[in-house]
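Add chain L to chain Z, keeping to what the hints say.
Protein chains in written order, with this note's numbering: chain Z, 841 to 1470; chain L, 440 to 519.
No lab work stands behind these hints: they were computed from the structure.
Note that the Cβ used here is the ideal one computed from N, Cα and C, for glycine as well.
Take these hints with a grain of salt, some might be off.
[What the hints assert, rightly or not] Facing chain Z, from chain L, some residues (calculated, C-beta under 7 Å):
id, residue
1, D452
2, I453
3, G455
4, L479
5, N480
6, L483
7, A484
8, E487
9, P495
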Amino acid sequence: MSTERNPGNRRAEIDGLIAESKIDRAAAALRELWRRETGSATAGFVCSRLDQLRDKLPLTRFKLAILRSFTVEPILPQLRAEALAYGIDLEIHLSDFNTYVQEIVDAGSSLYRFAPNAVVLAVRAEDAASDLCSRFADLAPDAAHEAANCLAASFEQWVKAFRQNSQATLIIHSLERPANPAFGVLDSQTESGQSGLIRQVNRELRRIAGDSRGVYVLDYDALVARHGSHWHDERKWLMARLPISAEHLIHMAREWMRFIVPLAGRTCKALVVDLDNTLWGGIIGEDGMAGIKLSAEYPGAAFQALQRALLDLSRRGVLLAVCSKNNLDDAIEAIEKHPGMLVRSKDFAAMRINWGDKSQNIREIAQELNIGIDSLAFLDDNPFEREQIRATLPEVTVIDIGANPMEYAAAVRDCPVFERLSLSAEDQQRTAMYAEQRQRSDAENKFQSKEDFFRYLEQEADLDPVTDMTLARVAQLTQKTNQFNVTTRRYSEPQIAEMAKKPGWNIFSIKVRDRFGDHGLVGVAITRDEGEQCEIDTFLLSCRVIGRTVETALLAHIAKTAAERGCQRLVGWFLPTKKNAPARDFYEQHGFSRTETNDAGTLWAMELRTSRLAVPEWIKLNVPETANTR
Amino acid sequence: MSVLDDVRNMASDIFGVPAAKLTGESSPETVESWDSVQHLNLVLAIEEKFGLQLDPEEIEQMKTLGATATLIDSKLQPSS
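The following block holds chain Z by itself, in its conformation from the complex (with noise of 0.2 Å):
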């Protein structure tokens, strides 16, 4: 084809702008060149250049290791240029064929050492159960069931000792079923067969993961299926071991990154979508309320699916915004009155809808909704208006969908960005908490002084040390706020258990609401105890309280409780990242002073007997007798 480039330009251009220490434009070109002619060759290029700017760009770094039962090598530089797609450097530690048990079960293994974030275990059926699979036929039926307990009982075992010895997070590969059955179309007929065996050994599994803490089960059965027959190469797994045919290795490793992505912090908090050709077919401007295509027959059902499929994402805490072209009134009359439409005004957080440029547009949505510019989604079937984006606002996550409307909603149903690990309340109703948030907004403007404004609010909060019931919460606001966040350490869900548990140290929580609404559990501090000097470690606060005085009360009960433990100083550190600005002067506005800066931040103490923190007046704030005794 006469409009592509010979392949050896677009790389020899990012070899020039790293020789010239164009860092960023040449992690960009990187990005598309991934993007434009994604496969094992370009991986291999990708990962080589990755190693020369890693040091030199603001990624996430992220420590995974696999321990497999079949060859997963040539899936890695595929994962590692997809990591760096959404922002995140991949260390990878791969254990050798088999050796999973001894890995997971000595404590001092090279596993460990590793200090991984998360650990995947890769282990086909055949590998860990042979007489479930190759030997099936042989077996009686009691000595069937009795290697599936088994089998079962094993992972279980894994799992604990992993827990033991790690707190890392630990993804399951569920196993995958036989697609011929030892007994032909008899194993169908009954629960006890090879199929109905491994389907067992599955439930076990996602119950043994729900019974622990940042334990995940990846359904390994599932993913062969949406990729049908030919995700195995039988060739390549007599010959290497290798049982994923070529073209399918990219999709394991995005399987992967579904998980990897919500563990490194990279989700996407809102999702901004276009109208015309989008949201429906047609341009409602120039087709009308009866042209537009949107229904549930063809070829409007492929706009109802993408619908749907935001919806979905809507259940899942993810805000949805519109950012289109038109005329107010058309788009609006469309969206509140097409009988098609499943997507309405009140599951939109935010809209733009105006003639103006997308990427002012986008920008205004972000500060609307009180997010940063890289927590934003965005899709468009326009692809000019895509490049227009990536160019302008490169924090963005663009979703890449081709002119076939009815693969929009697979691809949104795809997109990492939206995957979360654990669903809390206050996820599940995020779109009804901003129209309250516009409410308090419009409220705010109304009164002469913040402190007027404040009372008028009715804030009352709950302070708890963690529980059982919020340990994911707040292991989610760690891994989550940006902004007001004084030293953005991102912690598990069992690293936060630990921390409970360990002498000295002190988890709060706390829940705010007013007169408009129930905010949830938006704020979290930790805190150590060392000697007569009490050290915050973590402090943050979601973004929907930032100024609200709900920091005041949360660090005044700090420093009172810290004061009846017998401490004498309250230190922290803030450590500054390209997006806390927010809680820079936190410490000085509330009376700490600077005892020491260094290359990573400032160090602030305060000295409890001359505090004067106080509970702000205007906030009612409940404390249980057990957060004071602890």
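Leaving out everything else, chain L in the frame of chain Z:
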């Protein structure tokens, strides 16, 4: 672009050697990073790019980049 050029470009990405330095005669003896893992990567890259499946016997024949290109050519030509 000829099949050999395609193969040289892929090999350049995978072995980390400039394409200009690779020829039809390049082999594991002349390219230091061409080990068994990278050989498998080259096989997979070829399968992806050309939509082929290579048998173990065919993979054996890939002793140089030239031989690899010849193999691909023969698989792409419908046998008469």
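Inset, instruction - Taking the numbered hints from earlier one at a time, note which ones the structure violates and give those numbers from smallest to largest. - result: Every hint satisfied by this model.
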